[in-house]
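Those protein sequence lines, which keep their order, are chains A and B.
Taking our numbering, I'd label the letters of the first sequence as residues 1 to 414.
Taking our numbering, I'd label the letters of the second sequence as residues 1 to 355.
These are calculated hints, taken from the structure and not from any lab test.
One thing to keep in mind: the hints can contain errors.
[Claimed, not checked] The following label-pair restraints were derived from C-beta to C-beta distances:
hint: 1; chain 1: A; residue 1: 59; chain 2: B; residue 2: 123; range: 34 to 42 Å
hint: 2; chain 1: B; residue 1: 78; chain 2: A; residue 2: 244; range: 35 to 43 Å
hint: 3; chain 1: B; residue 1: 130; chain 2: A; residue 2: 396; range: 35 to 43 Å
hint: 4; chain 1: B; residue 1: 107; chain 2: A; residue 2: 240; range: 53 to 61 Å
hint: 5; chain 1: B; residue 1: 170; chain 2: A; residue 2: 240; range: 52 to 60 Å
hint: 6; chain 1: B; residue 1: 210; chain 2: A; residue 2: 412; range: 51 to 59 Å
Keep in mind that this is a model prediction, so the values were computed, not measured.
Positions of the beta carbon are idealized from the N, C-alpha and C atoms, including for glycine.
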Amino acid sequence: MKTRTLLFSTSLAAVLSAASASAEDLKMGAIAVLEGAFAVLGEDSMRGVELALQEFGYTAGGMQIELIAGSTDASPDSAVRAARKIVEQDGAPIVIGPLSGSEGLAIRDYAKTQPNTTFLNGASAAQDTTLRETADNFFRFSTEGAQWMAGLGEYVYNQKGYRSVAVLAEDYSFPYTQVFGFLEPFCRLGGKAPQDARFFVPIGNKDYSSVIASLPDDVDAIYVALGGADAVNFLTQYEQAGGELPLIGGSITMDQTVLGSKGRARRFVIGTPSAGPISDTWEDPRWAEFVAAYRAAFPDGFPSPSLFAHAYYVNTKAALLALDAVNGDLSDGGARYREVLANLSFETPTGMVSLDERGNAIADIFLTEVIEGPGGNLLNKTLGVTPQVSQTLGLSYDEFLQYGPVSRENPACE
Amino acid sequence: MTARIHPAWWLLAALLSIYPILANDFFTLQIGAYSLILGTIALSLTILAGYGGMVSLAQLTAAGLAAYVLPIFGTNSQGVLGIGWSHWLTIPMALLVGASFSALVGLIAVRTSGIYTIMITLAVAVSVFFFTRQNYELFNGFTGYAGIEAPKPFGYDLRAPLPFYYLCLIVAAGFGLATLYAARTPFGLSLQAVRDNPRRMAALGFSVAGIRVLAFFLAGFVAAAGGILLVFFNGRISPGTIGVDVAIDILVIAVVGGLRHPIGPFIGALAFVLLETFAIDLIARERFNSLIGTAFLLIVLFSPDGLLGLWNKIRPKIGPKISRPSLGLAGPQTGKTPQFDAAETQPISSREDTG
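Given the sequences, and given the hints that come with them, work out the whole structure.
Put into C-alpha cells, the structure is as follows:
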C-alpha cells in the first residue's frame, strides 16, 4: 500500500516539476486566509490580487503570469506550510502574502531561508515584520498597523476632547501594533489609558459580557481594535447591554468587512472615528477608478473594496511593475528585481507609495468617521489625510527603537 | 525470525530508505518527513484506540506540551524564558512531560469508555489549548515560540532535508516496530483483553485501571517524540499547533489510515498530507476543503477500517495469491497468536464494553 502510494507521489512529483518547466510562464504565489474566522477577509484579499493581475492582462515583463493560491487558517504554521509548497514545490520566484500579523512574522523568518525568492506582503500589519530582524527579500508596500492609526490619537484628544480611554483588542501582534499607534500620540498629548482598563481577548471570542461588565465608568471612550466576526459580536453585545460610551475604531474594526454586516449595531457605530490606509468615500479620481474597477470585476464582492483587497492589490501591483522594469529577468536569483522593488515608488488608488530602507511602505493615511451612505450602507467619511506616514512616525530609526517592541503594556500611559 | 517477514516489508523498507534520492527537497521534507511526524502522533492514538479501545483526543496535546518544553527550557528567539539547557537534557525532559501528561489524562479518563472517553479527553485538549493561548508567563500566549533549532551534533545539522527525513524515519519505524512487539508481550495482550472484556480481566485479578494508565503513558511517550520532531520541523510552536481542529485531523489520520495495524496511521498521514498540500491545485480555492472532506468521507464509507481495510478488501482480487486470510500486511503475528487475530478482526464498535 505505502509502496504504491510512494510510487504515486514520486511520479506526481515528476509530473509537477515537469509542468513547472514550461517557458515564458512565470508563477506568482498568493497566500491568504481562506479557512476559518478570517476567510471572508481572505476572499477579498484574493480579489485584490486578481484585480491587479487583470489590470496587467496577466502579463508583466513579457511573461505570462500564472497565479497559484495558498490557503492558511491565520496561524503562522499554516502560512509557512503554504509558502513552502509554493516556493519549494511549485517553484514560484515571487510570493504575495500573508494576511494576518503573526503570519507575516513567520513568513519574514521563512524568507530569510529562501534568499532567491522575493516576498511581498499581503495585508499583514505587525510592526516587527519590517522593523526588527528584517529580511532583505521581504517587502511591504502596504503600511502597517501603527502607521494606520496616524492622526487618530491627536484627533480624539484635540477635537473630541477625550482624556481617558479603555482599550479592547485581540491578543496578538497586529492589535498590539494598532494600540501602540493610537496610544503613543494620545498619551504624549496627556491622555490616559490605565492598564486595568485594557482588555485583550483571544481571536474568535464570542462572549464579551465579562469585558463589558468590567469596563470602568470614568473613561471617556473605548478604543476597539477587533476584526471580522469579533467586532460584530462585541458591537452587538455592547449595544444590547445598553452601553453608552463612544467608540474609537481600529482600522479593521470600522472596515467594510464589519460595516457591511447586518444588525442593530449598525446605527450604534455611526459617528465613530477611525483611521486606516483607505477611506471608502475619498473624493479622488484614483480611488473612484479603483472602486469602479473592483465593482465591475466582482459584482458579488463588498459594496466598496476592503483594506485587505487594497493591500493585496498594492503589493501585487508593485510586484508586476518591478517585473516590467526588469523585463521579466529573474535569472540572477532576483537580485536586480529586488533592487528595483526597493527603489520603486508608484501611484496607488490612495496616493504615492515608496519604501524606507527596511522595505516598509511610506504612504498616505486617512482619518475617517462612520456615516450612513445614500443607499443605507455604512461608509467611512474622510475627515483628513495624513500625508506620507513612515513606519518610524517621523522619528529616526534609532530613536523609534527606544519605544521598545509593541505589547499589551506599551506605551505605559499611566 | 527473518524468515517469517513478508518480502513486501523489505521492499517497503528499501523504498523508504532510497525515497529521498528519488524525491526533491520538498517531497523529502514537506511530504515525507511531515507524514512520518503526523503518523507518529497518530500512532499514539492508534495504540490507545486500536489496542486499548480508548479514543483519546488529547494525544496531540501531549505532543504539543512536549514540544513546548524545548523552547521553554532550551533556546528560542522570542526573548521569553529560554533557559538555554542543552538538547541532551531538554529532549528526555520533553519525552517525560508528554508521557506523564498522557498518563494524567489516562488517570482522569480511566473509568470511562466509548464516547465519554472522547468527551473527557476533548475537554482536556480544549482547556490546554486555551490555557496556552492566554498564559504569557510560560507559553507566551498567541504568538508562542519561534526560532527553535534542531540539535547539531558535531556540527552536523539534523534539520537539513536528508538527515531530518532519516531521523523521522528511524523514530517512526522504531515506534511502529515497538508497537508490533509490545502487542505480543504480556502487557500488550492484557491491554487487548481489557479492551475486549474489562470485567472478566478484573475478575481474573488484573488491574484494569493500571493497564490502561500504563498504555496512556506509553502512547504519550510516542506522541511526545512526534511532538519533538514537529517542533524541529516547524522551528516554532504556538497554540494553533495544538488546536482542536488539528486534534481532529489526527483522529481523521488514524481512522482513515486504519486502526488495526501500526502502519495505518502512516498511510493515513501520507494521504492527509498529499490531499492537504495538493487539493488546492485541483479545485477552486474556495472549495478545496470540500474535496478533502469528501475524499475522507468516501474512504470511511466504503471501508470502515480505513485505507488499510480497503487494501485488504481489494488485495485478493488483484494481488498475488497468498495464503494469509485476513491480515495480509500484518506480517509477524499472523497465525502465531490466534487470540490477537481474533481480537483484531472484530470491528472497533463491538469492542466497547459498557461495564
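Hint by hint, here is what the structure shows:
{"no.": "1", "hint": "A:59 / B:123: 34 to 42 Å", "in the structure": "violated, 55 Å"}
{"no.": "2", "hint": "B:78 / A:244: 35 to 43 Å", "in the structure": "holds, 40 Å"}
{"no.": "3", "hint": "B:130 / A:396: 35 to 43 Å", "in the structure": "holds, 42 Å"}
{"no.": "4", "hint": "B:107 / A:240: 53 to 61 Å", "in the structure": "violated, 43 Å"}
{"no.": "5", "hint": "B:170 / A:240: 52 to 60 Å", "in the structure": "holds, 58 Å"}
{"no.": "6", "hint": "B:210 / A:412: 51 to 59 Å", "in the structure": "holds, 54 Å"}
Of the hints listed earlier, those the structure fails to meet are numbers 1, 4, in rising order.
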